[in-house]
Amino acid sequence: DTAVSQTPKYLVTQMGNDKSIKCEQNLGHDTMYWYKQDSKKFLKIMFSYNNKELIINETVPNRFSPKSPDKAHLNLHINSLELGDSAVYFCASSQSFPAAQETQYFGPGTRLLVL
Amino acid sequence: QKEVEQNSGPLSVPEGAIASLNCTYSDRGSQSFFWYRQYSGKSPELIMFIYSNGDKEDGRFTAQLNKASQYVSLLIRDSQPSDSATYLCAVKGGSGGGADGLTFGKGTHLIIQP
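Chains A and B, in that order, are what the protein sequence lines are.
Position 7 (the first sequence) corresponds to 7 in our numbering; numbering is contiguous.
Heads up: take any position in the second sequence, counting from 1, add 115, and you land on our numbering.
Treat the hints as calculated values from the structure; they're not laboratory data.
Wrong hints could be hidden among the right ones.
If you want the footprint, here are the derived chain B segments under chain A, 3+ residues with CB under 8 Å [stated by the list, open to error]:
(1) 157 to 165
(2) 196 to 208
(3) 215 to 229
Interface residues of chain A toward chain B, partial, derived using beta-carbon atoms under 10 Å [stated by the list, open to error]:
(4) TYR33
(5) LYS41
(6) LEU43
(7) LYS44
(8) ILE56
(9) GLU58
(10) PHE64
(11) PRO69
(12) VAL88
(13) PHE90
(14) GLU102
(15) THR103
(16) GLN104
(17) GLY107
(18) GLY109
(19) ARG111
With a Cα cut of at most 27 Å, we get these calculated BS3-like pairs of lysine-lysine [what the hints assert, rightly or not]:
(20) A:LYS22 <-> A:LYS44
(21) A:LYS44 <-> B:LYS221
(22) B:LYS221 <-> A:LYS9
(23) A:LYS19 <-> B:LYS157
(24) A:LYS9 <-> A:LYS41
(25) A:LYS9 <-> A:LYS36
(26) A:LYS36 <-> B:LYS157
(27) A:LYS40 <-> B:LYS157
(28) A:LYS71 <-> A:LYS22
(29) A:LYS22 <-> B:LYS157
(30) B:LYS182 <-> A:LYS52
(31) A:LYS44 <-> B:LYS157
(32) A:LYS22 <-> A:LYS9
(33) A:LYS41 <-> B:LYS117
(34) A:LYS22 <-> B:LYS171
(35) B:LYS221 <-> A:LYS40
(36) B:LYS117 <-> A:LYS40
(37) A:LYS67 <-> A:LYS41
(38) A:LYS67 <-> B:LYS182
(39) A:LYS44 <-> A:LYS9
(40) B:LYS171 <-> B:LYS117
Virtual Cβ for every residue (Gly too), placed ideally from N, Cα, C.
Can you make the complete structure from the sequences, with help from the hints?
And the structure:
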């Protein structure tokens with residue numbers, strides 16, 4: 001069984017389109033995240049959701065909107081896609097307590113290419 | 116601005132030798148420290164975490180933490196070609212509680228030469 005899964009695995013689209021990426025975890029964790037890994041392989045936090053509540057929004061353009069229908073799912077909707085949005089987007093999950101020992105488990109990634 | 120610094124490499128180590136990977140971080144309030152391994156085209160995979168000063172060993176891997184120097188390292192003993200990957204140092208702050216995101220370094224590309 002895949003612990004953290006994402007769909008789609010690959011996404012090729014035109015500038016200006018709107019697209020969504022879905023994430024599901026079956027680990028029973030209460031916190032989920034979206035990370036972006038750019039072409040230079042730098043991995044950066046975008047959002048953190050704890051029990052369906054947004055905790056972190058790290059200077060992400062408001063074209064990106066996360067939605068968490070329940071603790072096991074965190075989707076990412078992107079409006080008006082731009083060339084600079086091309087990257088690999090990773091979903092991750094963790095258990096928030098005990099905080100000092102929390103480990104984040106990553107999904108396989110969604111490779112987004114904006115043309 | 117929280118920062119995590121790593122030497123990007125590549126770091127080339129002969130098979131069977133010890134590979135030493137280093138990382139420094141800027142936020143003194145950081146609570147937990149992680150090493151992830153990422154193969155090309157794959158997702159980050161946890162190798163070890165450490166949150167107390169000193170050494171922590173797990174098989175061929177040893178993580179070392181020195182909070183006074185804001186320094187974390189990972190030693191890989193008896194390096195194997197399969198250890199060739201990018202190693203990401205990640206730090207979790209203490210301000211946001213358990214739902215803090217990780218701040219990653221840019222990774223060190225390790226090559227184990229057969």
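Here is how each hint holds up against the structure:
no., hint, in the structure
1, 157 to 165, "holds (count 6)"
2, 196 to 208, "holds (count 3)"
3, 215 to 229, "holds (count 7)"
4, TYR33, "6 Å, holds"
5, LYS41, "6 Å, holds"
6, LEU43, "4 Å, holds"
7, LYS44, "7 Å, holds"
8, ILE56, "5 Å, holds"
9, GLU58, "7 Å, holds"
10, PHE64, "14 Å, violated"
11, PRO69, "18 Å, violated"
12, VAL88, "9 Å, holds"
13, PHE90, "6 Å, holds"
14, GLU102, "5 Å, holds"
15, THR103, "6 Å, holds"
16, GLN104, "6 Å, holds"
17, GLY107, "6 Å, holds"
18, GLY109, "5 Å, holds"
19, ARG111, "9 Å, holds"
20, A:LYS22 <-> A:LYS44, "18 Å, holds"
21, A:LYS44 <-> B:LYS221, "10 Å, holds"
22, B:LYS221 <-> A:LYS9, "23 Å, holds"
23, A:LYS19 <-> B:LYS157, "22 Å, holds"
24, A:LYS9 <-> A:LYS41, "17 Å, holds"
25, A:LYS9 <-> A:LYS36, "14 Å, holds"
26, A:LYS36 <-> B:LYS157, "14 Å, holds"
27, A:LYS40 <-> B:LYS157, "15 Å, holds"
28, A:LYS71 <-> A:LYS22, "13 Å, holds"
29, A:LYS22 <-> B:LYS157, "18 Å, holds"
30, B:LYS182 <-> A:LYS52, "33 Å, violated"
31, A:LYS44 <-> B:LYS157, "16 Å, holds"
32, A:LYS22 <-> A:LYS9, "10 Å, holds"
33, A:LYS41 <-> B:LYS117, "18 Å, holds"
34, A:LYS22 <-> B:LYS171, "36 Å, violated"
35, B:LYS221 <-> A:LYS40, "8 Å, holds"
36, B:LYS117 <-> A:LYS40, "19 Å, holds"
37, A:LYS67 <-> A:LYS41, "25 Å, holds"
38, A:LYS67 <-> B:LYS182, "37 Å, violated"
39, A:LYS44 <-> A:LYS9, "19 Å, holds"
40, B:LYS171 <-> B:LYS117, "24 Å, holds"
Consistency note: the structure conflicts with the earlier hints numbered 10, 11, 30, 34, 38.
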